[in-house]
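Student: Protein chains in written order, with our numbering: chain W, 1 to 204; chain U, 1 to 272.
These are computed hints drawn from the structure, not numbers from a lab. Everything numeric in this text was worked out from a predicted model, so none of it was measured. Hints may be right or wrong, so weigh each one.
[Said to hold, decoys possible] Below, a list of computed lysine to aspartate or glutamate pairs in the EDC-like style, where the Cα atoms sit at most 20 Å apart:
id : chain 1 : residue 1 : chain 2 : residue 2
1  : W       : K46       : U       : E241
2  : W       : K30       : U       : E264
3  : U       : K204      : U       : E264
4  : W       : K112      : U       : E241
[Stated by the list, open to error] Sample of chain U residues facing chain W (criterion: CB under 10 Å; computed from the structure):
id : residue
5  : Q119
6  : K131
7  : S132
8  : Q167
9  : Y171
10 : A180
11 : I192
12 : M194
13 : V218
14 : Q220
15 : P242
16 : K243
17 : A251
Just so it is clear, CB atoms sit at the ideal spot from N, CA and C, and this is done for glycine as well.
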Amino acid sequence: MNAKLILGITAALSLTTALPVQAGTDLDAKTAAIIKRDFRDKGIAKVERLNQDELQAACSKYKDDVPVDMKVKLEDEQLKQIKWPADGILVGDWKAGEKLAQSGKGLTWSDKEGDPAGGNCYNCHQLSSTEIAYGTIGPSLLHYAKKKGGLEKAQRRAYGRIYNAKAYNACANMPRFGHIGILTEAQIKDLVALLVDPESPVNK
Amino acid sequence: MNISNVSKVFLVLSLSTSYAAMAAEGDVSDSDRIAQYREMIADGNPAEFDEMAGEELWKTPAGPKKATLEKCNLGKGPGVVKGAYAALPRYFKDTRKVQDLESRLLTCMTTLQGIPEEQITAKPFSSDQKKSDISSLATYVVGQSKGIKMAVSLKHPKEKEAYEIGQRIFYYRAGPYDFACSTCHATSDVRIRMQDLPNFNVQKDAQAAYTSWPAYRVSQGLTRSFQWRLNDCFRQQRFPEPKFASEATIALTMFLAVNANGAEYAGPGLKR
């Protein structure tokens with residue numbers, strides 16, 4: 001083994017060496033105090049945003065890998081709170097949905113109070129074969145209707161997940177668009193249409 | 001900077017239009033394009049202007065005390081700039097704190113030169129209107145670590161503690177989108193739109209990312225400091241604003257820097 005390799009290996013090991021369980025909870029408390037102290041309001045982004053709900057706190061504590069029983073409990077709680085449309089209709093206008101999916105705007109300190117938020121969907125997902133500037137943090141949603149077992153099933157699946165992706169996977173990396181109120185019910189319907197409508201670029 | 005370097009910079013500026021055209025085509029990946037671009041201007045990064053401006057600031061008496069920063073101790077002894085950045089953040093006995101480059105520069109500017117801290121932190125980042133002195137100073141200092149191996153220490157208990165706190169901040173989910181740094185930077189080979197995202201838990205990603213900052217941003221026409229990079233990622237995270245050179249940002253920097261240990265520092269870098 002050459003010296004360079006050994007160096008590389010020791011450096012790689014040092015990546016994973018944590019402190020001996022040196023009062024981990026002390027450090028948690030210290031971290032919380034530092035976070036509370038070291039941020040300030042900027043524009044619409046106020047320090048209150050740093051207060052975690054139960055789900056955020058659990059995912060942070062376990063580095064997105066919460067124990068199974070806790071995961072199930074968190075998901076149940078999120079699922080119960082999904083508001084399904086009272087009129088029973090899950091789809092809107094896919095063209096409006098495409099516009100929302102393209103828009104990466106919303107809720108940063110450079111956005112203004114009352115500016116409408118976009119969906120940021122293309123930031124993380126492939127949706128159509130025509131838009132090649134798509135991100136890959138989330139799975140590809142191309143041909144969603146076909147992949148998810150036809151219209152009706154796909155509609156319900158899409159609505160639930162856009163409304164609250166954490167109801168299906170507690171520490172998913174996707175925002176809870178309906179639950180938090182980032183998007184309205186009508187907007188979520190437009191996005192469902194984008195995903196399931198046979199005429200939408202997603203299914204072409 | 002000599003004439004030939006100046007003309008290189010003009011070349012850079014004119015190339016930036018064709019770069020934008022390439023970006024619009026979108027058939028080459030972002031990283032490929034940046035690699036091509038880097039090659040084109042390999043020996044003429046416009047950040048050199050800021051390095052020179054920073055060196056000038058370092059050596060020119062300023063502040064109520066009319067002092068230079070030439071006695072500033074960045075960890076290698078008073079006035080030693082060479083290699084200092086490759087060992088930062090670190091614990092400093094005089095302040096009894098772990099400090100990153102920018103917070104250490106703040107210490108020197110306030111103690112040696114007598115410049116009030118609020119004056120420096122009011123506008124710590126450069127804008128089109130005005131370059132920030134502390135940002136230029138940082139660019140000068142990092143340039144003196146080019147080619148030197150990153151060796152950030154975890155020996156002092158406070159250094160270890162900063163690393164541990166930084167890791168916790170890295171995973172701290174909050175805000176309307178439930179984002180943490182880990183949302184975007186703890187998975188390999190993912191991107192947002194066309195921008196590749198480094199996975200900071202993987203050594204080679206952490207090394208490539210960390211050692212290329214501060215960087216000249218072609219799209220902004222400015223050299224950006226590491227504190228700026230963190231600030232803009234917190235913005236994308238939908239968080240409120242981190243205070244400049246605060247303990248939270250230093251701890252986070254400690255976490256990222258240690259993960260980059262072993263690589264040669266390669267900045268100031270050049271980015272889209």
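Student: Tell me, in ascending order, the numbers of any earlier hints that this structure violates.
Tutor: 2, 5, 6, 7, 13 and 14
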